[in-house]
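Engineer: Now for the letters of each chain:
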Amino acid sequence: MNPLNTREIARRLAARDDVEPPEGLLEKIKSEIPAALPVAPKVVERMERFERPPRRRVWLMAASVAAALGGGVLALHVMRTAPAPEMVMQEPAREEKAGAPASEPVPQGPAGAPEAKAAPLIQAQDQEKDEETRALTDAKEKKDAGLRALGYASAPPALPEPAAPPPAPQLAQPPPAAPAMPLEVQSGVEGRVEGGVAGGVAGGVIGGVPGGVVGRNEAQKQTRQRANSLDLRRDAPAAKTAAAAPSPSTGGTAEPNDQAYGDVFFESAGVNPFIDSEDDRLSTFGLDVDTGSYTVARRYLRDGHLPPSDAVRAEEFVNFFSYGDEPPARGDFALHAEGAPTPFAAGPQYRLLRFNVRGREVTAENRQPLQTIAKDAKVQVDFNPAAVSRWRLIGYENRDIADQKFRDDTVDAGEIGAGHSVTALYEVKLKPEAAGKIATLHLRFRAADTGEIRETVRDLRVSELAPSWEAASPGFHLAALVGELAEVLRGSYWAKDVNLDDLVSRARHTASEMVDSKRAVDVLDFVRMVEATARLKKR
Amino acid sequence: LRDRSDGREEGRLLAALAAGDREAAERLVERTYRIVFALLRRLCGEPDLAADLTQETYRKAWDSLSGFDGRAQFSTWLCRIAYNTFLNHLRRPRRLVPLEEKHEATVADPAPSADEAFGLAVAGDRLRRAVLALPDDLRFTVTALFWGDLPVREIALHEGVTTVAIRKRLKRALAALAAALEEEEAR
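Each protein sequence line maps, in turn, to chains S and R. Each step along the first sequence adds one to the number in this note's numbering, with nothing skipped, and position 290 is 290. Whatever position you read off the second sequence (first residue = 1), add 1000 for this note's numbering.
Derived from the structure by calculation, the hints contain no laboratory data. Every residue, glycine too, gets a C-beta built ideally from N, C-alpha and C. Some hints could be false.
Listed next, the in silico DSBU-like pairs over lysine-lysine satisfying Cα-Cα at most 30 angstroms (straight line) [what the hints assert, rightly or not]:
#1 S:Lys375 <-> R:Lys1171
#2 S:Lys518 <-> R:Lys1171
#3 S:Lys431 <-> S:Lys375
#4 S:Lys496 <-> S:Lys538
#5 S:Lys496 <-> S:Lys375
#6 S:Lys30 <-> S:Lys42
Quick look at which bits of chain R chain S covers, simulated, 3 or more residues with Cβ under 8 angstroms [what the hints assert, rightly or not]:
#7 1031-1040
#8 1050-1057
#9 1076-1089
#10 1137-1151
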C-alpha cells in the first residue's frame, strides 16, 4: 500500500465544502420536540466526568490548591498571632522584594522566594479596616473567577434563560477544597490566582514572571515595554471589570477550555517588534507556557466567530502541539533548533527559526504524577550580529524577562514537568553574507532533585537551515502554520499581507503529511480552524 | 472540532432536561443540529435530503432518549443515530417490512450492498461510495471522524473500544479506500 495514497485519501476526506443548514430547519426540529423527554439517571451521573478537569492539569490544580491553602494558612497565622507592624519589621527583606499591595503593578525588581508571595497580605494589615474588607471581597471575586478559569470550580450555569432550573447538584458542585476555605484564607491567594488568570497560566505553581522592562533600550523596546506594562496591569481595577464583564457578543454561551467566555481574561500583551541585533542580541523569557488560548480560539471558530484578538497568544498556540522533538538521551533537557524560509516571510533574507526545549522522560517505575524535573527554567537566545541583522520573537510577550535577569536565580520562571516540551519561534533576517553561527540557545534551570543550577547550550548554524520551505520537516511546517494562524488571528502587523487561501492549502498539505502521526486528529482540527478563519476574515 | 467543554455543556443541558426543563432540549438542538446536518450532507451529498434526514434523526433521538446511557457525549450518540438514519434511508426502497424505528438508534445496520450504494443518492462521488462500501466498523470510524468531526476519544467511548483500536481502524480504512479508488481508477 502506497502511503502517499492514504494521505491523499485523508486529504480528500477532510476536504470541506461546508453548506449552512437550510433556513427553517432548526425551527422544524424544535417544533417536533415531544412533551415528555425521559433522561436516564445514570446519564446525569456519567456526565459528571465532563465536569472534571483534564488529567494533565490535575497536578497544577493540586499544587494551586496547596499553594492557596498554604498562603491562606500563613495569612491567618499572621493575622491572628502578631501585631501587624512588628510582623512587617521582622520581614524587611521580603517586603522589599514583593511589597507592593496587590492592587498595584508588581515591581520590576527581583521576585523573592516562593514564600514572598504572602507579603502583600502582611502589608494589607496596615491598611484601614474597611479597605481590608473591600480587598478581601475583591480577592474572593478574583479568586472565584480564577478558580473557574483554572477549571476546578464551576462557572455559573451558562443557560441563557432565567427560568431554567439549576443544574443537578453533582454537576454544579466544585471540589470540596475550594468552597470550604474561609474568606480570610481565600485572600491569601489573591495575587497568585489573579496572576494565573491574567497570564492565561493554568496553575499557581508557575505564577507570573516578573516582567523585564529594566534597562531596556528605550527607543527600540517601545512595543515590548507596552506589552509588559499592559501585562503588569493585571491587578488593576480594569482587570476585575474585564473578568466580571458579560460574555462578548462574538461568542455563544458555550464554555471554551472549561471556562465561560466572560471569565476568560483577555488582555492585549502587544506584538513583539523586530529588534536590531546590533542593539540587542539577547532574547530572554520564562518557560511557563499554557495552551489555553488555542482551545479558546478553537471554540470561537467552531462557533463561527473570530476570537477576540486579545485572546490569541501566539506562544500558547505554538505550544498546543508537539513537533516530534526527542527527549534527551541523557541529562535533563534536550535542546532542538531548526530553521527554514517560509512563505509568510517579509522577504527573501528572512528565516523562521524553531527552538525547542524537551524535558527528560521519567521511567514508569520512578514516576510520581507529572513529576517536576526543573524549576525556574529560563531561556535566552543569543543572536550572532554577524549573521542576523534583526530578529523578532513570535509570542511570549508576557513571558519576557530582562536579559540581565537570566542568571538571576531568584527570578521565578516556572516549573517544568517530566517530558514537557516548550517551543519558541523567531523570525530573523539574515545578513547577505551570513555564515557560521546564527544563534545560541541557553537554558538555565534549577534541577528539582538536587537544587543545583544548571545551564545547557545549543548552537544553530546557517548550515543547519533547510534551503527551502519544502525541504523543512513536517513538524516545522506545522509550527510555522500554527504560529502564522495566531499572527493572523491576533491581527499582528507582521501577518497583514498573508494570503489566507494559501494558508489553508498549506495547512491541508501539512495535515496530509501527518496523517499517520499521533497528532493527526489535532492537525485536522487545526486545518478546520484555518479554514474557518479564512472564511470569516473574508466576510 | 469539539472538546470536553461540549460534554460539559451537554451534561448540564441533559441534567436540566432530566429536571424537567424542556427548553434544555431546544438548546441541545441548537448546539448540535449543524454538525448533524453537516455529517448527513457529506454522507448523502444532497442538502435537501440531509435536512430531511436531520429532522428524522432528532425524531429518533427523542424516541430513544431513555436508551442513551451517557457513555459517550450526546452529540456523539446523535451522530451515530444520524449515520444509522442515513443507512436506513439507503435501504428504504428495497425494504418490504419497515424496521422498527425505535430500535434503529441503538442497533447498527449492516452495510448497504455496493449496488444499493451505487444506485442511490450517493452516485457520482467515488470516494463517498467507497466509504459506504467499507465494513461497518471502519465506515463509521471514517464518517464520524472526518464528516462528523468527532474526536477519536469520543468515537472510542461510543464504540466501547480503545483509542488505539480506533486509530488502527482508521489506518485500515484509509488503506482500503486507497485500494478501492485505485482499482476503480485503473478500470
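Engineer: Hint by hint, note whether the structure agrees.
Structural biologist: Hint check results:
1. S:Lys375 <-> R:Lys1171: Roughly 41 angstroms separates the two Cα atoms, so the pair is violated.
2. S:Lys518 <-> R:Lys1171: holds (12 angstroms)
3. S:Lys431 <-> S:Lys375: Given pair Lys431 of chain S, Lys375 of chain S is violated - Cα atoms ~36 angstroms apart, limit 30 angstroms.
4. S:Lys496 <-> S:Lys538: holds (13 angstroms)
5. S:Lys496 <-> S:Lys375: violated (38 angstroms)
6. S:Lys30 <-> S:Lys42: This hinted pair holds, its Cα atoms lying about 25 angstroms apart.
7. 1031-1040: Since three or more residues must qualify, the claim that chain S covers the region 1031-1040 of chain R holds, with 5 doing so at under 8 angstroms.
8. 1050-1057: Holds, because 3 residues of the region 1050-1057 of chain R bring their Cβ atoms closer than 8 angstroms to Cβ atoms of chain S.
9. 1076-1089: violated (count 0)
10. 1137-1151: Three-residue rule met by the region 1137-1151 of chain R, so holds; n is 6.
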